[in-house]
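Peer 1: Knowing the structure of chain Z, use the given hints to seat chain B with the ligands on it.
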Amino acid sequence: MSETPSSHRPRFRSATEEPAPVRIGLIAFVVLVLAVLVLAPLGVIFSEAFAKGWAAAWKALQSKDLQSAIWLTLVVAAIAVPLNAVFGVAAAWLITKFDFRGKAVLITLIDLPFSVSPVVAGLCLVLMFGANTMVGGWLVAQGMPIVFAIPGIVMATMFVTFPFVARELIPVMIEQGRTEEEAALTLGASGWRTFLTVTLPNIRWALLYGVLLCNARAMGEFGAVAVVSGKIRGKTATMPLAIEMLYNEYLSVAAFSLAGLLTLLALVTLLLKSVLEIRYADQLAATRRH
Amino acid sequence: MHIEIDEIAKSFGDTTALQPVSLAIPSGALVALLGPSGSGKTTLLRILGGLEYPTSGRVLFDGADSTGLSVQQRRAGFVFQSYALFRHMTVFENIAYGLKARPRKLRPPRAEIARRVAKLLDLIQLPGITDRYPTQLSGGQRQRVALARALAIEPRMLLLDEPFGALDAKVRKELRHGLREIHDATGLTTIFVTHDQDEAMELADLVVVMSMGRIEQVGRPQDIRERPATPFVREFITA
Ligand SMILES: Nc1ncnc2c1ncn2[C@@H]1O[C@H](COP(=O)(O)OP(=O)(O)OP(=O)(O)O)[C@@H](O)[C@H]1O
Ligand SMILES: [Mg+2]
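The listed protein sequences correspond, in order, to chains Z and B. Residue numbers for the first sequence follow my numbering, so the first one is 1 and each next one is one higher. Residue numbers for the second sequence follow my numbering, so the first one is 291 and each next one is one higher.
Chain Z extracted, bound-state conformation (with noise of 0.2 Å):
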C-alpha cells in the first residue's frame, strides 16, 4: 500500500456526518418551518399589541379585567405546577422503583388526560361537583363552589397538565435502574434520605424540565378552564379566556397586548431553562453519563 500523496490525503469524515449539501437542505428547511410557524406568528402577536403604540398596549393591560385574569393564571399556575410536581415524582418513583400489581393500569391512567380532550374533562368536572350534583351542592351551601370558581379551574389545570412531570422523570429513572438506591440503603441511609440525596439530584433536571412545560401548559391552558370556569369576566376568566374574549370583541390591541404577556411568560421559563443548563453544564453531563 503506498501512501496517498498528500496534497489529496482524503479528509477524515464521521460516520455520521452527512455531505454538504444534504446537511444545508436539512438547516433551509427546519429554520424555514420555524420562521413560518413559530417565528413569524410571534411576530405578529407583538405587532399588533403595538399596533397604537406602546402606552396603548400598556393602558390596555392595566384594566381591571386584564389585572384579575393575569393575576388568577399567576395563581392558578403557582397552585396546580407544584402539586402537579409532587404528585409526577410520586408516581414516576413508585412506577420506576418498585414491582407491583396493577402498575400497567397506573400507566395508562397518568397518560389518560393526553388522550382525554380538556373539554371533555372539564365537562367531567362539571358533571361531579356542578352546583346541581350531590357534592356540588353541598360544597356550594358550605360557601366552597368548585365549578365556576378558582378550586374547578386549578382541578381542570392539574388534570390537564399532570402527565407533564411524571412522563419526564419515568424514562430518565427507569434508565438510571435502581442500584444507586440500592447502595445508599446498604450504606446505611433511610428510604427519605436516599431519595432526598441520590434519587432527587439524579432526576433534578429531568424534574425542572417537566415543571417547566408543565407550567407553560397550565398558563396556556383553554379548553378544560373554558368549560369549568363560566368564563364570568374579572373573576374566573383566565389570560387565554380573556384573550378570546377580547379578540371575539374586536378589542385588538387588548386582546395582543395579554398575548404577548403570556408568550413573554413562556419565554421567561425557557430562558430560565437554558440559563440553567449552561450554568450547570459540567453536572449535566455528569448526570447523564456513567
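Hints are computed from structural coordinates only; laboratory data are not their basis. Hints are not guaranteed to be accurate.
[As the list claims (entries may be wrong)] Derived list of chain B stretches under chain Z, where covered just means 3 residues or more per stretch with a C-beta under 8 Å from a C-beta of chain Z:
(1) 353-367
(2) 388-399
[Said to hold, decoys possible] Label pairs and their computed distance ranges (CB to CB):
(3) Z:G177 / B:M502: 48 to 56 Å
(4) Z:E17 / B:P521: 50 to 58 Å
(5) Z:L39 / B:E464: 52 to 60 Å
As the structure is a prediction and not an experimental result, all values here were calculated from the model. Glycine included, each C-beta is placed from N, C-alpha and C at the ideal position.
Peer 2: Just chain B with the ligands now, kept in the frame of chain Z:
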C-alpha cells in the same frame, strides 16, 4: 462474623431462584459463590445483604436470627456489579456517604470523616482522586472506589457481586490480589459472586458451587478440584 444460611428459599412469582439452601460460613472466611448464569448467586447475596427477603428460611449472624433485620441494620458492605457509584457526587462524597448518613449521635465529626476517607483511598491505592466524579474514573478505579465506599461504614461483612466482571484480564488479576489483601487486612467475612472458576479457585478459602438455585458442593478449592461431588461440578470446573 459467622454467617449461617438455614433453608433459605426464594421465588419470584413462578420462577424459583433458590431451592431451600443451607450453608455455614466461618467468621473471617473469603468465600466464592461460583456458578453459571441464573444459578441464584446474586439472589443469595442480596438476601444476605437485606436487599431481598427470602420466601422461607432464616439467616443467622453470629448465631442470632437476623432474617428480619432491615438493609440498614445489617451493615453489610455491598459492592454492586455495576458499582452503583453516586454519579452526582465526587469520589470523596461517595466514600463519605455512609458516615454522613449515620444518626447524629454516631456521626463522626467532619475532620474525622475526611481522615477516614483519606485512609481508605490509601488502602485502595488511589490517593489524590477525591474531587473526581465517577465518569472521570476508569472501570478499575470505579470498582476500587465502590469497595472503599462499602468499607467506610465499618461493615460486619463484605458482599461483592461479580466485582471484577466488567474489567479486562490484566486489571482483574491486579484487583484480585487487592481484594485478598484488603480481606486479610480487615479480617472481614467476605463473600463474592463469580462465574469465573479460576477466580474462585485462586482467591477463595471456600468455594460454593451453585446450579439452578441449588448448592452443588461446598469446599476448599483443592477439594473441589480433586473430588467433585456431582457430575455438574466435575463438568463445570473442567470446562
Ligand atoms: N427481580 C427478579 N424478578 C424475577 N426473577 C428474578 C429476579 N431476580 C432474579 N430472578 C430469577 O432468579 C434466577 C436466579 O437469578 P440470579 O440473578 O440470582 O442469578 P445469578 O446466578 O446471579 O446469574 P448471573 O451470573 O447471570 O448474574 C434467574 O432465573 C432469574 O431470572
Ligand atoms: Mg448475578
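Peer 1: Against each hint, give a clear statement of whether it holds in the structure.
Peer 2: Verification of the hints:
| no. | hint | verdict |
| --- | --- | --- |
| 1 | 353-367 | holds (count 6) |
| 2 | 388-399 | holds (count 3) |
| 3 | Z:G177 / B:M502: 48 to 56 Å | violated, 26 Å |
| 4 | Z:E17 / B:P521: 50 to 58 Å | holds, 57 Å |
| 5 | Z:L39 / B:E464: 52 to 60 Å | holds, 59 Å |
Hint compliance for this structure: hint 3 alone is broken.
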